[in-house]
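These protein sequence lines are chains D and H, in that order.
Position in the first sequence counted from 1, then plus 1, gives you this note's numbering.
Position in the second sequence counted from 1, then plus 4, gives you this note's numbering.
Just so you know, the hints here were simulated from the structure itself, not pulled from any lab data.
Any given hint might turn out to be false.
To be verified - In silico DSSO-like pairs for lysine-lysine, Cα to Cα no more than 27 Å straight-line: (1) H:178 to D:132; (2) D:164 to H:178; (3) D:74 to D:132; (4) D:260 to H:178; (5) D:283 to D:146; (6) D:74 to H:178; (7) D:146 to D:74; (8) D:283 to H:178; (9) D:163 to H:178; (10) D:211 to D:146; (11) H:178 to D:273.
What the hints assert, rightly or not - If we take Cβ atoms under 10 Å as the criterion, some of the chain D residues that face chain H in the derived model are: (12) 36; (13) 37; (14) 39; (15) 41; (16) 45; (17) 177; (18) 179; (19) 187; (20) 215; (21) 224; (22) 236; (23) 250; (24) 283.
Claimed, not checked - Some residues of chain D that are not near chain H, with every Cβ distance over 10 Å (derived): (25) 66; (26) 90; (27) 92; (28) 190; (29) 240; (30) 252.
Ideal Cβ placement from N, Cα and C applies to all residues, glycine included.
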Amino acid sequence: MAACEKRRSAPAPATGSGLVEPVRAGVGGREPESEAEFLLQAGVTSMVREALLKVLEARPEEPVSFLASYFEKLVLSGPQGGAAADRHRQQQRLVRALWYVRLAHHSHRTAFNNNVSMAYECLSARGRRKKPGVNGRIYSELLKKICQDGEAPEEVVSSLLKKIQCRDHEAVPFDVFRYGVLSCFVLLEFVAKADTLYDVLDDGSGVADKRVCQAVLGTLEDALGASDFSVPIRYLEAGSKLGPDCLALAMDKALLERKICSSMNREDFLKKATALFIAKVKPID
Amino acid sequence: MEPPAPNPGHGAGRPMATRPALCTVRSPVALQVGDVKTDLAQPGVAVIDVALPPAQPLDLQEIVFKNSYTAFLTVRVQRRRPCDVGRASARKWVTCLWNHCLMPSPHTEAGSQDYFSLFRHQPSPVWLHFTLEELRLYPRGQQSLQTDFPSWLSHLAPQQQPENLHGGVPDPEKVSTEVQQLWVLTEMIRANQTAARIGRFDVDGCYDINLLSYT
Numbered sequence: 002m003a004a005c006e007k008r009r010s011a012p013a014p015a016t017g018s019g020l021v022e023p024v025r026a027g028v029g030g031r032e033p034e035s036e037a038e039f040l041l042q043a044g045v046t047s048m049v050r051e052a053l054l055k056v057l058e059a060r061p062e063e064p065v066s067f068l069a070s071y072f073e074k075l076v077l078s079g080p081q082g083g084a085a086a087d088r089h090r091q092q093q094r095l096v097r098a099l100w101y102v103r104l105a106h107h108s109h110r111t112a113f114n115n116n117v118s119m120a121y122e123c124l125s126a127r128g129r130r131k132k133p134g135v136n137g138r139i140y141s142e143l144l145k146k147i148c149q150d151g152e153a154p155e156e157v158v159s160s161l162l163k164k165i166q167c168r169d170h171e172a173v174p175f176d177v178f179r180y181g182v183l184s185c186f187v188l189l190e191f192v193a194k195a196d197t198l199y200d201v202l203d204d205g206s207g208v209a210d211k212r213v214c215q216a217v218l219g220t221l222e223d224a225l226g227a228s229d230f231s232v233p234i235r236y237l238e239a240g241s242k243l244g245p246d247c248l249a250l251a252m253d254k255a256l257l258e259r260k261i262c263s264s265m266n267r268e269d270f271l272k273k274a275t276a277l278f279i280a281k282v283k284p285i286d
Numbered sequence: 005m006e007p008p009a010p011n012p013g014h015g016a017g018r019p020m021a022t023r024p025a026l027c028t029v030r031s032p033v034a035l036q037v038g039d040v041k042t043d044l045a046q047p048g049v050a051v052i053d054v055a056l057p058p059a060q061p062l063d064l065q066e067i068v069f070k071n072s073y074t075a076f077l078t079v080r081v082q083r084r085r086p087c088d089v090g091r092a093s094a095r096k097w098v099t100c101l102w103n104h105c106l107m108p109s110p111h112t113e114a115g116s117q118d119y120f121s122l123f124r125h126q127p128s129p130v131w132l133h134f135t136l137e138e139l140r141l142y143p144r145g146q147q148s149l150q151t152d153f154p155s156w157l158s159h160l161a162p163q164q165q166p167e168n169l170h171g172g173v174p175d176p177e178k179v180s181t182e183v184q185q186l187w188v189l190t191e192m193i194r195a196n197q198t199a200a201r202i203g204r205f206d207v208d209g210c211y212d213i214n215l216l217s218y219t
């Protein structure tokens, strides 16, 4: 059994440490080394520390399976040749990058940025024959996969991607990568919140009044437009427009002004709401 | 409490605050997401509590403070309506200001040390307890806000409460909460824009040699 596993050549034992023990009993002829030194040299200490940090950041509900998949992904490597193996490895890198960026919520700023860096590095390593770096194709694939996870409608996702995607051959710098990934996650959250807003607006009936929806979206658009200015007072105004009093007035006014009652369905509402968001996303150029 | 700092550039024609109100300002408490030991970066969010003396209603008009590298400010007030006196659970939190931008560009110096004043022109209902929350620095953690003192509490121009809301109007409080979150998310993506560019020079293949012709 001992023959199948390569033993590392042990360094000279630390005399006087008092902890010297042979790692495997019965295997003669090797210098014993201290446990702590062995772990350090094998890189196990830093690896376990990294793993623990990831667990603490991600706080998964099932830590054991989280750790299992973490170590599984760490094992991904290997100098196999051939185009098929290349593609396979690229898929694996994509999966791993996706896993990284999903670890922390985007509001956990430090953790999220760290994870995006790891994902970027992971995608940058492209094999022996290719130059390192993230190209537009794999960046766009990653963005698509992130958006697939959420409940965002197809149209909404594609209008965002149009703004932030890169062409296949283009080299994607880290800042652009981070911005693209962040935009996708924030869009997913925006869609979820807009959905909740529709639930509030329809009052449980399943269908919301068009006038009310338009009043609310109009107020949001006003607030977003007002906050374009770099003057603090404009932000005060924008914030106050979105207070309950202002919104109540706007909705009330809308219902009184137009007597014709029609409804807006959920998809239309989401489309209009996300259009406001996507308008503020800066296109990549 | 120190005397009010000078207010440069604020218009004439409004009555000067006479004396700062007595209150206790606690030192900022940093809110940090994630494990304190592993998170090496400075937290970007801090909360400052300001408590008024109990049982002393205060009609507040203005807050003055000096910024120290805070990018965004939120002010929340816990108030008790006069009819609710006696019920401890009846206190309600009201957001007066959400993500008010103090520094137009969080990375640069603009606005970093300015004096800000929040003032309104009509007195508002009586406040019993006031807490100032200060938070949201995008994207890096910075020093905390130094509140010199709040002299009066201001509330943004209160709108007329619609007396009889039309029957079909959904709950404005809930709508407001959700819409404000949408606003914050959009502002966040705007604030996080990257200056990096791909540097495209493509002109849609117009100069593709195969498309050139002599006619």
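The hints, checked one at a time:
1. H:178 to D:132: With Cα atoms ~52 Å apart, residue 178 of chain H and residue 132 of chain D exceed 27 Å; violated.
2. D:164 to H:178: Since the Cα atoms of residue 164 of chain D and residue 178 of chain H sit roughly 32 Å apart, the hinted pair is violated (cutoff 27 Å).
3. D:74 to D:132: 22 Å, holds
4. D:260 to H:178: Holds, at roughly 25 Å.
5. D:283 to D:146: Answer holds: residue 283 of chain D to residue 146 of chain D is near 21 Å, not above 27 Å.
6. D:74 to H:178: 43 Å, violated
7. D:146 to D:74: 18 Å, holds
8. D:283 to H:178: Violated, at about 30 Å.
9. D:163 to H:178: Violated, at about 33 Å.
10. D:211 to D:146: 33 Å, violated
11. H:178 to D:273: Measuring from Cα to Cα gives roughly 20 Å; hence the hint holds.
12. 36: For residue 36 of chain D, the interface hint is violated, since the closest Cβ of chain H sits about 25 Å away, which is over 10 Å.
13. 37: Since chain H brings no Cβ nearer than about 21 Å to residue 37 of chain D, farther than 10 Å, the hint is violated.
14. 39: 25 Å, violated
15. 41: 20 Å, violated
16. 45: 19 Å, violated
17. 177: For residue 177 of chain D, the interface hint holds, since the closest Cβ of chain H sits about 5 Å away, which is under 10 Å.
18. 179: With a minimum Cβ separation of about 7 Å from chain H (threshold 10 Å), the hint on residue 179 of chain D holds.
19. 187: 5 Å, holds
20. 215: Violated, about 13 Å.
21. 224: The hint holds - residue 224 of chain D has a Cβ within 10 Å of chain H, the shortest such distance being about 6 Å.
22. 236: Given a least distance of 4 Å, the restraint on residue 236 of chain D holds.
23. 250: Constraint on residue 250 of chain D satisfied, holds at 6 Å.
24. 283: 4 Å, holds
25. 66: 21 Å, holds
26. 90: 26 Å, holds
27. 92: Check passes; 25 Å lies beyond 10 Å.
28. 190: 6 Å, violated
29. 240: 5 Å, violated
30. 252: Nearest chain H Cβ is 5 Å from residue 252 of chain D, so the label is violated.
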